[in-house]
Structures are given as C-alpha cells and as structure tokens.
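Protein chains in written order, with the working numbering: chain A, 28 to 575; chain E, 14 to 323; chain Z, 271 to 565.
Quick caveat, the hints were computed from the structure, so don't treat them as lab data.
Wrong hints could be hidden among the right ones.
Taking lysine-lysine and the DSS-like style, the derived pairs with C-alpha atoms no more than 25 Å apart in a straight line are [claimed, not checked]: (1) A:K363 - A:K423; (2) E:K135 - A:K227; (3) E:K135 - A:K175; (4) A:K224 - E:K67.
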Amino acid sequence: MQPKIFRSLLLFAAVTLLASCGGGESNVSSGDREGILHYGNGSEPQGLDPHVVTGVPENHILRALFEGLAVKNPYTLEPEPGVAQSWDISDDGRVITFHINPEARWSNGDPMSAEDYVWSWQRLLSPVLGSEYSYMLYPVKNAQAFNKGEITDFSEVGVKALDKLTLQVTLDERTPYFLQLMDHYSTFAVHRATLEKFGKATDRYTPWTRVENIVNNGAFNLKTWQLNRRIELEKSDTYWDRDKVRLNGIVYYPTENIVSEERMFRVGQLHYTQSVPLGKIPVYQEMPDSPYVQAPYLGTYYYLLNTTTPPTDNLKVRQALSMAVDRDKLNRTVLKGTNLSAYSITPPDTLGYYPPKLFSFDPEQARQLLAEAGYPDGEGWPGLELTYNTSEDHRKIAVALQQMWKDVLNIEVTLTNQEWKVYLDSITQMNFEIARRGWIGDYVDPNNFLDLFLTGGGNNNTGFASPEYDDLVLRKAPQATTKEERFRIFYEAETLLMEQMPIIPIYTYTSKHLIQPSVKGLPSNLMDSVNMKYVWLEADEQASEAED
Amino acid sequence: MWRFISLRLLQAIPVILVVITVTFFLVRIAPGGPFDSEKPVTREVKAALEAQYKLDLPLFQQYTSYLGDLAHGNLGPSFKYPGRSVNELIAAGFPVTAELGLYALLVALCIGGLAGVIAALKPNTAQDYIPMSLAMIGICMPSFLLGPLLVLVFGIYLDWLPVSGWGDIPGDKILPSITLGAGYAAYIARLGRAGMLEVLSQDYIRTARAKGLPQWQVVLKHSLRGGLIPVVAFLGPAFAGLIAGSFVVETIFQIPGLGRFYVQAAFNRDYTMILGTTVFLSVLIVLFNLLSDVLAAWMNPRLRAQFGSH
Amino acid sequence: MTTQTINDIDQAEQGTSLWKDAWRRLRKNHLAVFGLILLVLFIVIALLTPWIAPYSYQAQDLELGASPPSAAHWLGTDIFGRDLLTQIMYGGRISLAVGFVATAVALLIGVTWGAIAGYVGGRADAVMMRLVDILYALPFMIFIVLLTVVFGRNMLLLFLAIGAVEWLTMARIMRGQVQSLRQQEFVEAAISLGLSPTTLIRRHLVPNALGPIIVYTTLTIPNVMLLEAFLSFLGLGIQPPQTSWGLLISYGAESMEEFPWLLIFPGLALTLTLFSLNFLGDGLRDALDVRGAKD
Numbered sequence: 028m029q030p031k032i033f034r035s036l037l038l039f040a041a042v043t044l045l046a047s048c049g050g051g052e053s054n055v056s057s058g059d060r061e062g063i064l065h066y067g068n069g070s071e072p073q074g075l076d077p078h079v080v081t082g083v084p085e086n087h088i089l090r091a092l093f094e095g096l097a098v099k100n101p102y103t104l105e106p107e108p109g110v111a112q113s114w115d116i117s118d119d120g121r122v123i124t125f126h127i128n129p130e131a132r133w134s135n136g137d138p139m140s141a142e143d144y145v146w147s148w149q150r151l152l153s154p155v156l157g158s159e160y161s162y163m164l165y166p167v168k169n170a171q172a173f174n175k176g177e178i179t180d181f182s183e184v185g186v187k188a189l190d191k192l193t194l195q196v197t198l199d200e201r202t203p204y205f206l207q208l209m210d211h212y213s214t215f216a217v218h219r220a221t222l223e224k225f226g227k228a229t230d231r232y233t234p235w236t237r238v239e240n241i242v243n244n245g246a247f248n249l250k251t252w253q254l255n256r257r258i259e260l261e262k263s264d265t266y267w268d269r270d271k272v273r274l275n276g277i278v279y280y281p282t283e284n285i286v287s288e289e290r291m292f293r294v295g296q297l298h299y300t301q302s303v304p305l306g307k308i309p310v311y312q313e314m315p316d317s318p319y320v321q322a323p324y325l326g327t328y329y330y331l332l333n334t335t336t337p338p339t340d341n342l343k344v345r346q347a348l349s350m351a352v353d354r355d356k357l358n359r360t361v362l363k364g365t366n367l368s369a370y371s372i373t374p375p376d377t378l379g380y381y382p383p384k385l386f387s388f389d390p391e392q393a394r395q396l397l398a399e400a401g402y403p404d405g406e407g408w409p410g411l412e413l414t415y416n417t418s419e420d421h422r423k424i425a426v427a428l429q430q431m432w433k434d435v436l437n438i439e440v441t442l443t444n445q446e447w448k449v450y451l452d453s454i455t456q457m458n459f460e461i462a463r464r465g466w467i468g469d470y471v472d473p474n475n476f477l478d479l480f481l482t483g484g485g486n487n488n489t490g491f492a493s494p495e496y497d498d499l500v501l502r503k504a505p506q507a508t509t510k511e512e513r514f515r516i517f518y519e520a521e522t523l524l525m526e527q528m529p530i531i532p533i534y535t536y537t538s539k540h541l542i543q544p545s546v547k548g549l550p551s552n553l554m555d556s557v558n559m560k561y562v563w564l565e566a567d568e569q570a571s572e573a574e575d
Numbered sequence: 014m015w016r017f018i019s020l021r022l023l024q025a026i027p028v029i030l031v032v033i034t035v036t037f038f039l040v041r042i043a044p045g046g047p048f049d050s051e052k053p054v055t056r057e058v059k060a061a062l063e064a065q066y067k068l069d070l071p072l073f074q075q076y077t078s079y080l081g082d083l084a085h086g087n088l089g090p091s092f093k094y095p096g097r098s099v100n101e102l103i104a105a106g107f108p109v110t111a112e113l114g115l116y117a118l119l120v121a122l123c124i125g126g127l128a129g130v131i132a133a134l135k136p137n138t139a140q141d142y143i144p145m146s147l148a149m150i151g152i153c154m155p156s157f158l159l160g161p162l163l164v165l166v167f168g169i170y171l172d173w174l175p176v177s178g179w180g181d182i183p184g185d186k187i188l189p190s191i192t193l194g195a196g197y198a199a200y201i202a203r204l205g206r207a208g209m210l211e212v213l214s215q216d217y218i219r220t221a222r223a224k225g226l227p228q229w230q231v232v233l234k235h236s237l238r239g240g241l242i243p244v245v246a247f248l249g250p251a252f253a254g255l256i257a258g259s260f261v262v263e264t265i266f267q268i269p270g271l272g273r274f275y276v277q278a279a280f281n282r283d284y285t286m287i288l289g290t291t292v293f294l295s296v297l298i299v300l301f302n303l304l305s306d307v308l309a310a311w312m313n314p315r316l317r318a319q320f321g322s323h
Numbered sequence: 271m272t273t274q275t276i277n278d279i280d281q282a283e284q285g286t287s288l289w290k291d292a293w294r295r296l297r298k299n300h301l302a303v304f305g306l307i308l309l310v311l312f313i314v315i316a317l318l319t320p321w322i323a324p325y326s327y328q329a330q331d332l333e334l335g336a337s338p339p340s341a342a343h344w345l346g347t348d349i350f351g352r353d354l355l356t357q358i359m360y361g362g363r364i365s366l367a368v369g370f371v372a373t374a375v376a377l378l379i380g381v382t383w384g385a386i387a388g389y390v391g392g393r394a395d396a397v398m399m400r401l402v403d404i405l406y407a408l409p410f411m412i413f414i415v416l417l418t419v420v421f422g423r424n425m426l427l428l429f430l431a432i433g434a435v436e437w438l439t440m441a442r443i444m445r446g447q448v449q450s451l452r453q454q455e456f457v458e459a460a461i462s463l464g465l466s467p468t469t470l471i472r473r474h475l476v477p478n479a480l481g482p483i484i485v486y487t488t489l490t491i492p493n494v495m496l497l498e499a500f501l502s503f504l505g506l507g508i509q510p511p512q513t514s515w516g517l518l519i520s521y522g523a524e525s526m527e528e529f530p531w532l533l534i535f536p537g538l539a540l541t542l543t544l545f546s547l548n549f550l551g552d553g554l555r556d557a558l559d560v561r562g563a564k565d
C-alpha cells in the first residue's frame with residue numbers, strides 16, 4: 028500500500044513541477060506590445076493609505092494611484108498643475124490659493140472639490156491617526172498646534188475651501204518649498220465617503236484600500252493586489268489628463284533581493300529595477316547601449332559622531348577621523364565609482380545650492396590633529412566602536428574605513444553590526460561612538476538637511492547643539508526674501524556645523540537603475556521621482572527581432 | 014493508538030500556551046518597537062500609534078486580551094501592514110509555503126532516500142561513495158548559495174526555467190523546490206544509510222538472506238520499514254524547519270510565502286504577526302512531531318505491538 | 271542527572287574494550303583514515319595560522335581589489351585586496367572552533383536528554399519531549415537578538431546559542447533510537463538481570479544508538495558553521511575584520527559571477543571538511559557496529 032501512495036504523490040509532484048516548462052514570451056516583450064510596464068519596486072508596500080504608510084515602495088505606487096494639487100515635472104522638478112490647474116501666491120508668500128481643475132474626478136466619477144482637501148488634511152493632522160508624515164503640513168498656520176492636540180478646532184488651521192473649487196492655504200511664514208510638498212503622498216486627498224463607509228476617518232486599519240473598495244484620483248487604478256507577489260494598476264478612464272497617459276498598466280513586483288531583481292531583469296521579466304548589485308555595475312557599464320542608468324540623488328551617507336563621550340567629544344579627534352578618510356579612493360575602489368565624495372551634509376546642487384568644503388583628505392594634518400588631541404601616532408588611544416546596521420554595502424565601507432584609520436592614524440576601531448531595529452534603538456538612545464547614517468531628502472531644499480542638526484532634534488543624534496545654528500536655520504533663513512540671501516544663510520549655518528564636525532560625511536548618493544531600452548519618458552532626476560503619466564514603451568523593432 | 018494520539022493532542026495545549034506566553038513577553042523585551050523607523054516619529058505620534066493598537070494598556074492586560082482574541086481565532090491586526098489582519102496574511106502565505114515545503118520534502122526523500130538505500134546495500138564500495146557524495150553536496154550548498162547558482166545555470170545560461178515566481182510561469186516551481194530540498198536530501202541520505210545498515214545487520218534480515226530471498230525483496234519487504242525509522246523521526250522537525258527555512262528560498266525566488274512574513278515580522282517587530290506566525294507554526298510543529306512519532310511507531314513492529322495492546 | 275550521565279559516558283570510554291576494538295577496525299578503513307588525517311591537518315593549520323599565514327589578514331590593497339589567483343596570491347584576493355588564502359586560514363580557526371564546540375554542546379545535551387526520555391518513558395518522557403516541542407516553536411531570531419542585547423557580543427554565547435538549537439533534533443533522534451532499542455530482547459534480558467538504568471543506558475543503549483547519532487553529528491558540524499554566518503548577520507557572531515568560512519561563502523555568493531574564486535575556495539574548504547567528517551563518521555559507525563563487523 029505504502030509504495031503506491033508514495034508513487035502517486037511523486038507523480039503528482041512531477042506533473043505539477045514540469046507542466047510544460049521553458050518557452051513563453053518574456054514580460055518585457057509582451058509588456059512592450061500591450062503597454063504594460065513591469066516595475067521592480069523593492070518590497071511589498073505596507074499598504075496604500077497615503078496618510079498612514081511611509082516608505083519608498085509605497086511612494087511609487089501611491090503617486091501612480093493618486094495625484095496631488097501640484098506635481099513635480101520629472102524633467103525639471105518644477106511644480107506643474109495636478110489636481111489644481113493653477114495657483115496664486117500672495118506677495119509675502121504666506122497665502123497660496125489653489126484653483127482646482129473642474130475636470131478632476133475621483134475614480135468613481137465624483138468630482139473633486141476643495142472640501143476634499145480640507146477634510147483630508149484634517150485627517151492627516153488628527154493626533155489620533157498618528158500619521159508619521161503629518162509634519163509635512165507644519166508650514167501651514169496652526170497645523171502643528173492641531174497635530175499636537177494644543178488646539179482642537181480645525182477651522183483655526185490655515186486651510187479653507189473658499190468655494191467648491193478654490194482652496195486657500197495660509198502659511199506661518201514664507202516657505203519656498205511648500206508647492207513641492209503638494210506632491211508628497213501625505214498631502215494627497217482621500218475620498219471621504221469611501222473611508223467613512225469602512226470606519227472612522229482616524230482608523231489606521233480599515234479595508235478601504237482593497238481592490239474592490241479603493242477610490243483614488245490618479246492616472247491609474249488598482250486592478251489586482253496579490254500580497255508579496257504583485258500589484259497591478261490599469262489606466263484610469265476618469266483621470267482628467269487621461270489623454271496624456273500612454274501606459275495601459277503597470278505591474279509592481281516586491282523585489283526584496285537585489286541579486287534576484289537583477290536576474291529578473293536579465294531574463295526580461297522586468298523593465299525597470301529599483302537598484303543594482305554593486306558587483307554587477309562595472310559589467311553593465313561596459314555594455315554598449317548600457318541599460319544602467321546612474322544619476323545624482325538627493326541623499327547623503329555619513330557617520331554620526333557621539334560628541335558627548337570621549338574620545339569623540341574632542342573636536343580634534345573628530346576632525347582627525349574625518350580627514351583620514353580617503354573618500355575618493357573608497358569611491359573609486361570599493362564603491363566602483365558609483366557615488367560622489369561628500370564633505371558636508373547637503374548634497375551639492377540642491378536647487379543651485381552648494382555646501383561649503385572645509386577640509387579634504389589630509390593624512391598629515393589628521394595625524395597632527397590626533398597628536399594635539401593627546402594621541403600621538405595612536406598612543407594611548409582608548410579604542411572606538413563603529414556601529415552599523417547589517418548590510419553588505421555598509422560592511423564594505425566600514426571595513427575599508429577601519430583600515431584607513433589604522434593606516435593613517437594607527438588607531439584601532441572595532442566594528443559592530445546590529446540588526447535594523449536594534450541599530451535604530453542605539454541611534455536614538457545615542458548608545459554608540461560612531462554610527463552609520465543616511466538621509467534622503469523629502470523635498471529639494473537645503474532646509475531638509477540642515478534642520479536635522481537643530482538642538483535636540485529627533486535626527487540629530489550627535490549631541491551637536493548650537494544656538495547660533497538654530498537661529499540661522501529656524502529664524503533667519505525663513506525671513507530671507509531672495510533665494511540668494513536664503514542660501515547665504517544656509518551656507519553660514521552649514522559652515523558652523525562642519526567646523527564642529529559632528530558627522531563624517533562620506534558620499535552623496537546616486538540613484539542606480541537598470542532600464543530596458545524600450546522604456547521612454549523616464550528621465551533621471553535628483554529626487555529619483557518617476558511620474559508614470561509621462562512614461563511610454565516603444566520596442567525598438569530591430570532589437571525585438573534580434574531577440575526572437 | 015487513538016489513546017496515544019488524543020493524549021498527545023491534549024498535551025499540545027500547554028505546549029502552545031507556554032510558547033505564546035514566552036513569545037509574547039520575549040518580543041516586547043527585544044529592543045526597538047514596531048513603530049521605530051529611520052525617520053523617528055515624535056513622542057505624540059508614537060503615543061497615538063500605540064493607542065491605536067492598544068499598546069498603551071498595561072502589559073498583562075494586553076496579554077489576557079490577546080489570549081481572549083486567540084480563543085476566538087482572531088490573531089489581531091498586523092502592525093506593519095495596516096489594514097491587514099494576521100489571519101489574512103497567514104492565509105495568504107501558508108498555502109504557498111506548504112506547497113513549496115511538500116515539493117522540497119519529496120525532492121529530499123527521492124534523492125536522499127534512494128541514495129541512502131543504494132549506499133547501504135554495498136557499504137564502502139563505489140556504490141556507497143558515489144550516491145552519498147552526490148547527496149552530500151546539498152549540505153555544503155546552503156540555499157543562499159544553491160538557489161542563485163541554479164538560477165544562473167538553468168535560468169540564465171541555459172534559459173530552461175524561470176528565475177523567479179511561484180505559479181506565474183510554467184516551471185517556476187522547480188528550482189525553488191530543489192533548492193529547499195537539497196539540504197535535507199543529505200540528511201535523509203545519511204540517516205537512511207545508517208538506519209538501513211543497522212537493520213541489514215539484524216538477525217532476522219540475515220535469516221531472510223540465508224533463506225535465499227532476492228535482494229530487492231529483502232530490502233522492500235523486510236528492511237525498508239525499520240531502516241527508515243531515523244529518517245521518519247527527522248521528518249517531523251524537518252518539515253517545521255522547512256517552513257521556517259523557506260524564507261531564504263522565498264526571498265531568492267520572489268515567492269509570496271509565509272517564510273518571508275515570519276522572518277520579516279521579527280525584523281519589523283510586528284508583535285501580532287510574530288505571535289500569530291509562531292502560534293501557527295507551533296501548532297504545525299506539534300502536529301508534525303506527533304505524526305512522525307506515530308509513523309515511527311507504526312514502522313517499528315515492536316512498538317506497534319505495544320500500541321495495539323493499549 | 272545530566273552531569274552524572276556524562277561522567278558515565280566518560281567511564282565507558284575508558285572501561286570497555288569496545289573502543290579499542292573500534293580503533294583497530296577504523297584503522298583498516300582507508301577513507302576514514304584519510305578523513306581523519308585531513309581533519310587533523312586542518313586543525314593543525316588553524317592552530318598555526320598566526321605564524322604561517324602568508325599575509326596579514328587585515329592589510330588591504332584597495333587599488334588591487336579582487337584579483338584572481340596568481341603567484342603572489344595563490345587563491346587570489348578579495349574586494350579589499352586582501353589575500354584569500356590568509357582569510358580562509360583565519361576563517362578556519364573560527365569555523366572549526368564553532369563547528370566542534372557548538373556541536374559538542376548540542377551532542378551532550380541532545381544525547382543525554384533523548385536517552386533519558388526514551389529510556390524512562392511515560393510521564394517524564396512526555397514532559398521532556400514537549401519541552402523540546404516548545405523550544406522548536408519559539409522564534410529563534412528574536413531570541414538571538416535578545417541575547418546580543420542582554421549579553422553583548424561574546425564567542426561563548428555564540429556556542430551556547432547554536433548548541434541550544436541544534437540539540438533539539440539530536441534529542442528526538444536519540445529518543446527514537448533508545449525507545450526502539452528498549453523493546454529488543456537483549457535490553458529486556460539486561461533489565462531482567464537487574465542492571466541499573468545508568469549502566470544500561472551507557473553500556474547498551476548509547477553504543478547501540480551511536481550510528482544515527484554519529485551521522486547526525488557529522489552533518490551538524492558544517493551546518494553549524496553556516497549558522498554562524500547567519501548569527502553574525504544578526505549581530506551575535508564575529509565582527510570584521512575577523513572572518514569565518516560561513517561569512518566568506520556568503521560574501522562569495524554575492525559576487526559568484528564576477529569573482530568566482532571568492533566562492534569556490536572557501537566553499538572547497540567547507541566541503542572538504544564535511545567530506546572528511548562524513549568518511550570518518552561512517553568509519554566510526556561501522557567500526558562501532560559490533561554485529562556488522564562480524565560479517
């Protein structure tokens with residue numbers, strides 16, 4: 028009896044496994060024909076409620092499903108009409124009036140109104156909802172007070188629907204980057220009736236975003252959502268600018284493993300990868316008509332120095348450590364030339380702003396400084412621990428720097444890798460000596476980087492505290508009337524920061540993708556921002572023939 | 014026999030209760046909470062989030078209310094995936110992982126069992142060394158290595174099989190099943206060989222051989238059952254291990270299974286999800302260990318007699 | 271109870287001629303002897319590494335980077351331009367230590383636990399084996415993360431953590447063996463002769479169950495070496511620039527297409543160890559099998 032059962036099980040398995048393997052058309056060639064983009068999205072999104080979720084993969088899908096009042100043009104990053112067809116800004120820059128496009132529709136056909144925004148922003152700012160990105164609206168008058176529960180009457184907040192199609196927003200002070208925030212998913216409008224059908228406005232976990240329930244307002248609608256497998260979007264026929272949309276659909280894949288993602292790309296399962304394994308980059312770079320696309324990205328990779336504990340409480344030690352790092356060599360060798368050496372926190376050319384460069388790789392001076400700090404040629408060095416979260420790339424950089432410090436300064440630095448949440452805990456508790464950190468900008472403005480180091484700020488984590496710096500960033504910069512003046516103040520603040528060297532800047536990020544040649548209208552930009560409305564697929568006839 | 018099974022099922026209740034209790038408090042002691050992220054939230058937001066998920070209640074009250082929900086089969090909402098319940102996530106992931114695990118186990122049994130039996134028939138000859146060496150390659154090749162290697166050879170260079178997915182493209186189940194099964198094949202081959210050798214040296218087999226029974230009959234009728242007992246004892250924990258261990262394979266091949274949820278829940282400190290998957294897995298482990306004990310008893314003539322007499 | 275049983279096993283080793291006979295038989299098994307020699311060689315190399323390694327294991331040559339095997343670097347260099355042979359030699363120190371010590375921990379706990387549960391049976395068996403079930407079910411990762419946070423990084427902890435998971439299956443296998451042996455005539459005869467349980471366990475049950483245990487042990491060692499890499503990933507294991515075979519293999523796996531030698535050589539070291547262990551294990555098993563030897 029027993030062998031019989033076993034045999035039939037075997038047969039069953041063999042049949043299911045072998046069911047006509049091989050052959051079949053690749054996603055890319057079928058997608059090119061049908062106008063379906065196959066997109067490697069990094070990981071499964073937490074969810075699709077724009078006021079609740081956070082993260083990059085979520086951002087990609089949300090920006091295709093929803094649209095903000097103003098949208099960043101993918102070529103220039105300048106704001107262009109979204110749900111609002113135009114806007115007026117008062118002379119003092121404090122009042123912005125959005126004129127909503129009368130053609131703007133929800134995916135169920137309902138027209139969009141100014142009231143949608145008032146309701147949605149109230150939801151975002153409700154303390155009970157606990158939205159992690161509620162601070163995006165803090166430039167709005169009284170928004171912070173409402174979010175912190177200091178006031179409870181939402182009519183005191185500077186958002187008003189003047190009529191059905193006119194939304195007036197009052198800011199605390201001139202905020203040059205406010206229009207950019209309208210393209211951040213946290214400020215998107217959600218459909219009130221739909222949300223209320225499934226629960227209270229402030230519930231985080233209702234099923235309103237499911238395929239059968241969701242009502243959205245973007246260029247694409249949700250078609251299928253298979254957990255950890257794929258999310259499919261199809262072109263919306265209610266979107267106001269639908270004639271401009273050229274893709275018929277998008278399939279998002281949760282490609283957690285970047286090595287697997289690269290292989291999916293290689294066999295034509297993906298049009299676009301979220302990232303590229305470091306080791307593969309030189310190979311792709313050498314290819315003719317390389318699908319590898321690299322561009323500067325608004326982010327900085329740096330090490331935090333704990334300025335409250337020895338030996339890094341000594342400025343000279345901090346400077347010595349920073350000057351002993353040969354960033355160009357690191358970049359050329361370990362990082363395969365994929366990033367740009369950084370000497371300050373703000374990435375260069377942030378809307379035309381260039382940060383100060385106060386030092387460079389200088390082994391002589393580094394040794395000199397270390398000697399002045401009391402450790403000539405590493406004598407009496409108490410040891411130092413470098414903490415980083417487990418990741419192959421972080422490890423490579425840490426190992427290289429460990430040896431640079433050893434070679435230049437003759438000091439021992441030990442490495443400690445920690446699991447992600449343990450690492451976050453160490454950072455926030457400042458339970459470290461040196462720690463890896465990275466910051467990706469939410470909007471293109473030096474302010475987004477410089478406000479990290481405000482005294483006691485949640486992302487400061489170094490113990491750096493300077494009233495003069497706080498004053499420059501918080502008070503003087505917003506009062507500036509011209510861009511030049513504002514940038515001059517930022518430059519002054521950043522100089523103050525880097526003179527104290529609470530961080531060791533290492534490199535400015537670049538975005539790295541593999542993109543099939545048939546993908547058009549997907550330009551690189553500083554925000555790595557993709558607007559699916561502009562994307563189309565156009566198979567090169569010769570290439571597709573060669574493939575067959 | 015039934016008495017034995019029902020007794021064991023009864024014993025499972027305290028086992029699972031202990032697992033829940035230990036896990037419940039363990040995850041809360043672990044550093045980092047479900048709402049810690051790279052861009053830290055303000056104290057107010059964190060408090061609001063904790064209130065949403067009732068994490069602001071006293072710990073013991075959370076514990077009892079969890080047990081209460083559990084009694085109704087409700088594993089709670091996931092913290093990481095707002096809008097999804099743990100029940101839903103497990104229901105989505107488990108069938109995939111179970112299928113993967115089953116195929117992997119079949120692969121392991123076929124390769125390993127066959128190699129083990131063949132090797133045991135002529136120990137210390139080429140007929141022993143060659144199949145055993147082949148089977149053992151699986152153990153030197155952890156799945157994080159074997160998976161990419163198979164993909165490279167069969168998915169990319171030869172272009173015979175899909176490099177990822179599960180049930181999307183025909184044939185995409187083959188490589189993951191082999192990858193996951195290979196490691197276990199070595200165990201089964203080794204344990205099977207040892208078990209067979211043990212049995213083949215027993216007096217009753219000698220008698221059978223002395224009677225001039227053909228080799229295959231000796232193997233199939235008389236030795237296989239006894240010889241595979243160590244293998245069967247290993248299968249229970251192996252299946253549980255397959256599910257927990259499928260994480261790596263699921264990640265390499267982009268398979269939407271429970272293994273990914275289970276490991277990610279731990280990384281994300283998604284308390285309810287960790288608890289939910291742990292409870293679910295512990296039920297499975299208890300069941301499979303029981304199953305493998307019952308099978309081992311059934312295959313062992315003496316123990317079987319003992320069960321019969323109860 | 272535990273320590274007592276361990277002592278008993280020690281005594282059994284000295285006291286009986288079983289082991290002497292076994293050694294005599296083992297020497298005749300060429301493959302087993304080969305395995306033994308190779309293992310001893312690896313251990314000797316590991317012990318002598320600080321004196322005989324061709325390069326410093328820390329010194330980097332970033333400009334050189336990953337280079338294939340050459341006259342200067344017999345096994346090539348890694349992405350930091352470090353000599354791979356040196357890395358493997360140093361890695362072997364860690365891997366062999368972790369492999370043997372952690373497996374020994376697992377073996378000791380598992381065999382003792384399983385033998386007692388299988389022999390005593392009844393309620394004690396039920397309680398002991400349900401405890402094993404509980405440990406199987408607990409989320410191992412959370413447990414490891416907690417260990418690192420509470421105790422910090424520590425080699426001893428690494429051994430314990432690995433031993434603590436690996437003994438479970440060992441206990442199940444041992445229990446199954448003992449339970450089936452208990453029913454056999456010779457054991458029943460021994461019981462009726464009035465042999466004390468401890469004597470019975472160490473004289474008859476443990477030696478007779480050795481086959482599967484030896485086999486499982488030889489498989490556990492390479493497994494443990496790879497598990498160490500995972501624990502290092504969680505922050506419990508060793509830290510760069512220290513290295514181990516498991517870590518070298520996992521780094522090598524990432525770049526198997528570009529720099530295959532970074533995968534092949536550490537993989538070869540692990541595979542050779544595994545094969546020698548298994549040849550030795552088989553030899554031992556056959557040598558200890560009294561009945562099989564009479565053929």
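Practice item. Taking the numbered hints from earlier one at a time, note which ones the structure violates and give those numbers from smallest to largest. Key: 2 and 3
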